[in-house]
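So the sequences go chain by chain: A and B. Per this note's numbering: the first sequence = residues 1 to 268. Per this note's numbering: the second sequence = residues 1001 to 1161.
No lab work stands behind these hints, which were simulated from the structure alone. All C-beta atoms in this analysis are idealised placements derived from N, C-alpha and C, irrespective of residue type, glycine included. Check each hint, because a few of them may be wrong.
Unchecked claim - Partial list, computed: chain B residues near chain A (C-beta under 10 Å): (1) H1080; (2) L1129; (3) Q1132; (4) K1134; (5) T1135; (6) I1136; (7) L1150.
Said to hold, decoys possible - Every beta carbon over 10 Å from chain A, so not counted as near; a handful from chain B, in silico: (8) D1050; (9) T1057; (10) G1081; (11) A1139.
Take a look at the letters that make up each chain.
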Amino acid sequence: MTEQWRSIMPLAAIVAVLGTAPLLGQGWDASRYEVDGKKSGYLYMDETTRLLQDDDFLNPGMFAVDAGRALWERPDPVSGVSCASCHGDAETSMRGVAARYPVYDPKVGGLVNLELRINQMLVDTMDAAPLAYESDELLALTAFIGSQSRGMPIEVAIDGPAAPFFEAGKAFYFARRGQLDLSCAQCHDDHAGDRLRGDVISEGQVTGFPIFRLLWDEMGSRHRMFQWCNVSVRAEPYALGSPEYLSLELYTAWRSSGLPVETPAARR
Amino acid sequence: MARSPALRPAVAALALGLAATAGAAAQDPLPPLEIVDLAIPKPLTQTPGDPVAGRLTVRNTRMATCLICHDLPIPEEPDHGTIGPPLAGVGSRYSAAELRLRLVNPKLINPDTIMPAYYRLAGLYRVDLPYQGKTIYTAQEVEDVIAYLLTLTDDAGTDAP
Chain A
1 MTEQWRSIMP LAAIVAVLGT APLLGQGWDA SRYEVDGKKS GYLYMDETTR
51 LLQDDDFLNP GMFAVDAGRA LWERPDPVSG VSCASCHGDA ETSMRGVAAR
101 YPVYDPKVGG LVNLELRINQ MLVDTMDAAP LAYESDELLA LTAFIGSQSR
151 GMPIEVAIDG PAAPFFEAGK AFYFARRGQL DLSCAQCHDD HAGDRLRGDV
201 ISEGQVTGFP IFRLLWDEMG SRHRMFQWCN VSVRAEPYAL GSPEYLSLEL
251 YTAWRSSGLP VETPAARR
Chain B
1001 MARSPALRPA VAALALGLAA TAGAAAQDPL PPLEIVDLAI PKPLTQTPGD
1051 PVAGRLTVRN TRMATCLICH DLPIPEEPDH GTIGPPLAGV GSRYSAAELR
1101 LRLVNPKLIN PDTIMPAYYR LAGLYRVDLP YQGKTIYTAQ EVEDVIAYLL
1151 TLTDDAGTDA P
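Model the full structure from these sequences, guided by the hints.
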């Protein structure tokens, strides 16, 4: 048993006990997508895209969840260990985990998100190779683990050692960048609901990642979305998993505090 | 003795052409533009703006173009933006010189505006590689778009020019 496992286990157990809401297939009443005046991207989607998310049998993101479940149970060919060997039933052990990520990790001395934690476990605990960021396998595992927190409110820690990273993420969010000289806030705080040609600008709430995005015709992580937004304003993107995007992920997750996890969401 | 600022016309020359990025050394810096009373009287090019070319520019969806954020009297294009004000009648509200400053760098009027500066290189942060040293519109595109916008007078039809 590793240090990481010990540190995660009690929290996961507490969350499993406290998280009494049953796993809901999407198809919630629309009112669930608005909390304290914050609106999930779901409410900015047209009817057909909402329907994709409402039904688990239609939602293409569920294929990634299913693939993730298979990976969860698959023993590493060398060590013979699977995620399930230690963590058991993910519906119990992983419930609530995605809702509180990213977290500050004292061992790393920085933030770790779900993707990096999975790779940390693979390398340090299972003696396996890390998965490439944005690979089908890592998207599948994050979709599977994320879906275990469906319906639970997002709640990340931004105090203590996480505070400077939160401030860095906030600064990123409000900094104008790129040839179009736009900050995240100028669109997602000031113009949510307005039309950018045929598209409606959402609040940029990060409730459903990894998402199935129709534009991509595949799953994508929070960091891929950050890259897409940066490139759209003609700004140089940062690397997937970079410290800059981890800080931005913490800030945006905090912005989404209280909204329920929707993983895997369907978006335009 | 210095003249009273109140007696001087509001004249300022802004050097907009200092590309800060290395690698843009071969790029000609933008010429300094004279700003008078929140307007740029002098055209950016010798060739007069072409309103027909300007209309094509504002509806070119591959460019960071007006239609993304503004409603325009271009009925054949669907899905006009709602970020900025509608531009029908804009030719009756502003002169060519006033439109030129608003296109070149609207932040000189309102520093917080969401509207990008279409003819500026300096003062930008982390411009992506394909766009480094390039303005959003060329000088001629700015002039063409001004010529088009001037046709959008209050009494213009919906399909001018």
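Verification of the supplied hints:
Proximity of H1080 (chain B) to chain A holds as hinted, the smallest CB-CB distance being about 7 Å (cut-off 10 Å). Look at L1129 (chain B): its Cβ gets to within about 7 Å of chain A, closer than 10 Å, so that hint holds up. With its C-beta approaching chain A no nearer than about 8 Å, Q1132 (chain B) sits inside the 10 Å limit, and its interface hint holds. Restraint check, K1134 (chain B) versus chain A: the minimum CB separation of about 7 Å is within 10 Å; hint holds.
Nearest Cβ of chain A to the Cβ of T1135 (chain B): about 8 Å, under the 10 Å cut. The hint holds. The beta carbon of I1136 (chain B) is positioned within 10 Å of a beta carbon in chain A (closest approach about 6 Å), and the interface hint is therefore held. Evaluation of the L1150 (chain B) hint against chain A yields a violated restraint, the C-beta minimum of about 24 Å exceeding 10 Å. No beta-carbon of chain A is positioned within 10 Å of the beta-carbon of D1050 (chain B); the least distance is around 24 Å.
Annotated as non-interface, T1057 (chain B) keeps its C-beta farther than 10 Å from every C-beta of chain A; the closest such distance is 15 Å. Consistency note on G1081 (chain B): stated as away from chain A, yet its beta-carbon is not over 10 Å from all of that chain's, at 5 Å minimum. No Cβ of chain A comes within 10 Å of the Cβ of A1139 (chain B); the nearest lies about 16 Å off, and the non-interface call holds.
Violated hints, in rising order: 7 and 10; the structure is consistent with all others.
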